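*Asks:* Sequence:
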Amino acid sequence: MKFSEKKNLYDRIFEAVRLIPAGSVAIYGQIAHLVGCSPRVVGYAMHSVSAEDDVPWQRVINSKGKISFPEGSEGYDEQKAILKAEGIVFDEMRKIDLKKFGWEGLL
DNA sequence: AGGTTGACAAAGG
DNA sequence: GCCTTTGCCAACC
Numbered sequence: 020m021k022f023s024e025k026k027n028l029y030d031r032i033f034e035a036v037r038l039i040p041a042g043s044v045a046i047y048g049q050i051a052h053l054v055g056c057s058p059r060v061v062g063y064a065m066h067s068v069s070a071e072d073d074v075p076w077q078r079v080i081n082s083k084g085k086i087s088f089p090e091g092s093e094g095y096d097e098q099k100a101i102l103k104a105e106g107i108v109f110d111e112m113r114k115i116d117l118k119k120f121g122w123e124g125l126l
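With the first letter of the first sequence counted as 1, position 23 gets the number 42 in my numbering; the numbers rise by one all the way through.
FYI, nobody ran anything at the bench for these hints, they're computed from the structure.
Being a predicted model, the structure only gives us computed values, none of them experimental.
Where a beta carbon is used, it is the ideal one built from N, C-alpha and C, also for glycine.
Mixed in with the good hints, there may be bad ones.
[To be verified] Listed below are the simulated DSS-like cross-link pairs for lysine-lysine, each with C-alpha atoms no more than 27 Å apart in a straight line:
{"hint": "1", "residue 1": "83", "residue 2": "118"}
{"hint": "2", "residue 1": "99", "residue 2": "118"}
{"hint": "3", "residue 1": "114", "residue 2": "85"}
{"hint": "4", "residue 1": "114", "residue 2": "83"}
{"hint": "5", "residue 1": "118", "residue 2": "103"}
{"hint": "6", "residue 1": "85", "residue 2": "103"}
{"hint": "7", "residue 1": "103", "residue 2": "83"}
{"hint": "8", "residue 1": "119", "residue 2": "103"}
{"hint": "9", "residue 1": "119", "residue 2": "99"}
{"hint": "10", "residue 1": "99", "residue 2": "85"}
{"hint": "11", "residue 1": "119", "residue 2": "85"}
{"hint": "12", "residue 1": "103", "residue 2": "114"}
[Stated by the list, open to error] Here are the computed distance ranges between Cβ atoms for each label pair:
{"hint": "13", "residue 1": "112", "residue 2": "26", "range": "31 to 39 Å"}
{"hint": "14", "residue 1": "94", "residue 2": "123", "range": "35 to 43 Å"}
{"hint": "15", "residue 1": "37", "residue 2": "100", "range": "15 to 23 Å"}
All chains, please: the whole structure from these sequences, using the hints.
*Replies:* So this is what it looks like as structure tokens:
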């Protein structure tokens, strides 16, 4: 029994994202694998998340280790601020070192 | 009911 | 290392 698969797919994705510990980040593909669907759906679900939801969507980034928002946008700035507050470090290219902060999942 | 879109990923050129 | 193509699956129009 992994997650509440009785719920909708989005809810499963949200739960998976909630499992990400502070100070770590996960890529879409990882979440997708956890819930058993394609990364696109994860991205769509993230966009569907509301501020009222208790989902740390900011800890979910793309496989390049970068924030999936266009730089200079509100979402980008906010997400970067939160991640920095959680201890995530950005390099010169504004990328996150997945070697250190990459979430190992349920490993 | 059907076509398009999407905060993506992996492989190929 | 960058751009293009393919796969992917659910939500949205």
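*Asks:* Taking the hints in turn, state whether each one holds.
*Replies:* Verification of the hints:
For the suggested pair residue 83 and residue 118, the alpha carbons sit about 12 Å apart, so the restraint of at most 27 Å is met. Annotation: proposed proximity of residue 99 to residue 118 holds, straight-line Cα distance about 18 Å (limit 27 Å). Note on residue 114 and residue 85: the hinted pairing holds, with a Cα-Cα distance of about 5 Å set against a maximum of 27 Å. Restraint check for residue 114 and residue 83: the C-alpha separation of about 8 Å stays at or below 27 Å, so the hint holds.
A C-alpha spacing of about 17 Å is found between residue 118 and residue 103, which places the hinted pair at or below 27 Å, so the restraint holds. Taking the CA atoms of residue 85 and residue 103, the gap is near 13 Å; set against the 27 Å cutoff, the hint holds. A distance of roughly 18 Å separates the Cα atoms of residue 103 and residue 83; the hinted pair therefore holds under the 27 Å criterion. Restraint check for residue 119 and residue 103: satisfied, since their Cα atoms lie roughly 14 Å apart, inside the 27 Å limit.
Between residue 119 and residue 99 the CA atoms are separated by roughly 17 Å; this keeps the pair inside 27 Å, and the hint holds. Annotation: proposed proximity of residue 99 to residue 85 holds, straight-line Cα distance about 10 Å (limit 27 Å). A distance of roughly 14 Å separates the Cα atoms of residue 119 and residue 85; the hinted pair therefore holds under the 27 Å criterion. With a C-alpha separation of about 12 Å, the suggested pair residue 103 and residue 114 falls inside the 27 Å cut-off, and the hint holds.
For residue 112 and residue 26, the Cβ-Cβ distance of about 37 Å falls inside the hinted range of 31 to 39 Å, so the restraint holds. At roughly 26 Å, the beta-carbon separation of residue 94 and residue 123 lies outside the given 35 to 43 Å, and the hint is violated. A beta carbon spacing of about 20 Å between residue 37 and residue 100 agrees with the range 15 to 23 Å that was offered as a hint.
Hint violations for this structure: number 14 only, all remaining hints satisfied.
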